[in-house]
Amino acid sequence: MRATKSSVVAAVVLGLGLGAYLTSHAAVPEQSASIRGQVVDASTRAPLPGANVILAGTPYGAATDESGAFSIPRVKPGRYVVVARMIGYRKREQEVAVAPGETATLLFELQPSAVELGQVVVTASRMEQDIREVPVTLHAIGAAELARYNASTVGNVLRYLPGVQVAGSNISIRGSSGFSGGLGSRVLLLVDGVPFLTPDQGDIDWDAVPIVAIRQVEILKGPGSAVYGSNAMGGVVNLRPALPGEERQIRIRTLTGVYDMPSYSTWRWSDQTRYFGSAFLDYEQQLGNVGIALTAGWKEDMSYKENDDSKGWIFTGLGRWEIGPNTTLDLIGGLKKAETGSFVYWRNLNHALSIGNEPLTSYTRTREATAYILPVLTRVVSDHAFYRVRLRWRQIHTEDWRVPRPNAPVQLPREKYRGSDGSTFGFEWQLNLHPSVLTSLVMGTDVDRSGVESIQYGKREVADLSAYLQLEQRVTSPLRVSLGARWDQQVAEKGSSSSGQLNPKLGFTYQISDEGILRLSAGRGFRAPSIAEKYISTVASNIRIIPNPALKPERSWSAEVGYNQTLGGRFNVDASLFATRYSDLIEPQLVPGMLQVQFRNVAHARIYGCELTARTEIWPRYLRTRLGYTYLDTKDLSRLPDGSPSPGYGKPLKYRSRHNLVSSLDLTVKRLFAAADFRYLSKVEQVDRITNIPDIDKLVPTYVLDLRAGWKAKRLSVEVALENALQYYYLISPGNLGPLRNLSLQIEWTL
Amino acid sequence: MGEDLRSASLRSNRRVALATISALTALWLLVSGCEKGLSPTRYEPVSPAVHFPLRPLGGDFVGQWVPAKDRPFRVGFVDSSQIRALVDSLVLETQLRGTFQFDPYGNYRIDATLSITPKVYIGFFRQPLVLPPVPDTLRGEGTYHNYESNCMLVLDGLTTRAFSLDTLGYTVRFRPDGCRVLELISVPNTFPYPGFEWIQFYFVFRLEEKKSSGLALGKISSTRPR
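Protein chains in written order, with the working numbering: chain A, 1 to 751; chain B, 752 to 977.
For reference, chain B alone in the conformation it holds in the complex:
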């Protein structure tokens, strides 16, 4: 009688063990068959396709900015040998006015005007050849996207007349007086003059932090959910 009970108990235990092992195998197959969790997005953000002539270094760009007193706007050439082959010297007089605002929640507001006046010095001419100024406006309010470890901004909804300025690299530096300086670097652009389109150049906006900035972009939200 005792033997029967023991063997019945053993059979019962084996059945339970087999059922458990089967259930675990099924669980394994279910879990291993499921997706592998997060994976890289299928496409890279626009950044790899974008080449900045100067390497942006990133930094804290949030704030309200105005053109710096010292060299607020300059134009650089991607390949300056192209210019030397054409003219003896090219001077670009630039102007920049306006404000640039970026908040920590992905919103920006830009209202600025720029102007470039090219002066071309060609050999025997005493006076430079002054070309008509090229004005442009940068206006926009919307969201920005921050790519590649915070060193590139893509601005949604920024309108310009002549130049492509919605993709900007940025570097933030500190001046000796402790003031932050933001350098925005454009992607390569070309002149809108016949015969000059192949000359690639880029802009560097040099901005300084506006003191006692008051920014109200109307977004209130928690960044530290609890």
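Chain A extracted, bound-state conformation:
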């Protein structure tokens, strides 16, 4: 790893050198001005917290606080176009001129619109953009909508998006994955733009950032490797943490719920009522030029399945230090400790809630401790340029304990039989340039090193060096071009495969009319194999798995064409067609002649599909609906080593649903609200026929209806949710039933 270490040092020195150069040439205004004001609802005059206010064509901007107020301090004197945006409202622009030492005050009155998608997103190109200017399908979910679902994790909210399936840490966007238990995720999780997959298995931990500490989740559908590198083959999920407000605020959110009993007596494995709950405390304060937002929380879920319970606590914080007029340091950190059960699949369909992947005498309990720090330094170099230095450090410690079952005939001793320590360190330097209002340029370098020490994987280290360039250009008034590429070089241990990857992307948006926009994009994605896939050596679920250091990355090519149209301010429809070709997909394979399994690059596939989303305001300000539908046509194109078609050639991919429908209805009458959400997934057509999971072929489509109702005031809100109201029994993964009907109560109190 000598080459890796020297490369890391070189990249850090390069980044710091460039930063120092630009800093020394920074055009810091001698006497700055500021812009402040308020954003309110035009019809009710109510303040709008969480609205985005930016100075067009500059890096300056702010979000409104609880009273709708915003403040953009230390801007260079001059003329600006100030843009205010908020989900559910039409965006407004105002021109303003500020003289040195002056403070301009503005009032924005936003007109409500159920279908106006006036969201600002950053995930598509590492710069702030109007969501309609992005050439790929991108969803943004704000804090208010996250709270609407009474969900304990972001993953549970993403299930309500069309084309997105989530089962635990396993996420699939537009059919990118079947079921892998999260191992080697083909969707990249980011925390404020920083890659956040586990260093050993490359999977997702939704609990690392509590849902209450998130201000926006952005979901990019399609490859994001040209911007973020490995794992972004199927898409990207970016969790953007909440920023500290201007005023001191304490917020308490509690969630308590209970699962219904299953209808069938043979499924009742416990006589106890099964509860779940969580409690979070948020604290925000501004101390001079330092703002802090701290969250402490506790979560416990007894679960409706045997040995599937979990409990833990988490502490996260975001600090923002305005070091100088042009320099900001953000510090995101977290500490989490949890214990979880090990339910993977059922004993059989007659005992569908009893665990089948453990011996009769014992259970496995996993204990995990995670710590992370993500410092981000942002320095505005001029009105048209700023750069960011991001560091990331994450440490994960896991232990698997074998504990005797309470009623086991033989009480074996409690023992730790497996453990793993993983760490990630990364450094990124990013420069954003806005040479004109028509052009935006983003470039940067990134170094990432992951290390793991465990019984299963041994002591391993991998590193990734990369450089990227993104260009957004308004060619003519209606036409925008988005162009970018990223080079990733994996540096592996001696004897392992090392490879370089160039992942380009090209996209266009064309504003056909004031309310209609066409988009077109194509790009390449890849996923480097995780340490677990390369180096694993263990016996799991009766399967002996051996390492394969020669494993290569998976690759994909994707293209999408889409159209978004708003009609009369009350109806918005978005339609898209997409196609993806996957190659060298990593699959576990039985080694010929041996009773051993090894991960190998064997599978090839293609996915065609279309997606339709529609939002409408049926009864202005009272009744809104959303509808989303995704159709997937998947085909396995794998061949055997001799070139002949594999047994699954031409068949649909395993564990993909052809049809996915989501719909919701929201009724709001003053402070009262009620909502219904419905999800449908057609029955999967292909599953593993040779497996150790009993009754894996027992399949049904999914119909889930969730009902919610509540009352919301300025400082207090109460919401009751009945999930899976029809008590429909469906699968979320092979041999694994989805949540039974459950009733929950969420109370949020702001002091």
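Not one of these hints is a red herring.
So the derived label-pair ranges between C-beta atoms look like this:
1) L805(B) x P406(A): 19 to 29 Å
2) G929(B) x K311(A): 31 to 41 Å
3) L335(A) x H896(B): 38 to 48 Å
4) K787(B) x G181(A): 23 to 33 Å
5) A371(A) x R825(B): 51 to 61 Å
6) A279(A) x R825(B): 51 to 61 Å
7) H896(B) x P406(A): 26 to 36 Å
8) A371(A) x G929(B): 28 to 38 Å
9) H896(B) x L483(A): 54 to 64 Å
10) R825(B) x W298(A): 46 to 56 Å
11) S537(A) x R924(B): 15 to 25 Å
12) R806(B) x W313(A): 36 to 46 Å
13) R414(A) x R825(B): 23 to 33 Å
14) R806(B) x I373(A): 44 to 54 Å
Worth flagging that the hints you see were computed from the coordinates, not collected in a lab.
Note that the structure is a prediction, hence the values are computed from the model and not measured.
Positions of the beta carbon are idealized from the N, C-alpha and C atoms, including for glycine.
Model the placement of chain B on the given structure of chain A, informed by the hints.
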């Protein structure tokens, strides 16, 4: 004029709301009328009807196995008082040879022979009464079904001559030297001798893992679909 427009707009909104509520009611009826999803199978797997004289404890049975050096094959009686009422003592000499293979994809291969030689001690006889040995063969290659939390195997296509051995309970243990030991427990059987048929007994095969096992049952498939 303005009033008319407002009332027309209100009427329109009410119509839309009514249509929505009707559509939702129809959706509700459609969904609530549909099947309830997964349900238990109508019959239990054979397991509840099967009673193992020794309780199998399950474990990881996948591998290639050969008879253990220590007590590879023993016979137990379901009710030993039945034997004591008949004879003073009964000794069964047993032999087991062959291999047992189970792969993780539901395939097995067994090729083994067993032999039981009963020696009956009856009161005043000095020498035991040695009955003719009862040989049997276990041969089969096919699929196994794993029931009840992985502690019972049902073997499709296993052929035997005298005993019923296609339903086996299993327990996997670790010896102090780290080697895995697989115990296969048969369901109750009876002797094929006139007058002895009512005596129920069972077999316990004690197998140890064969080192450097190479198993090729010809099944290649992914267990982790992606």
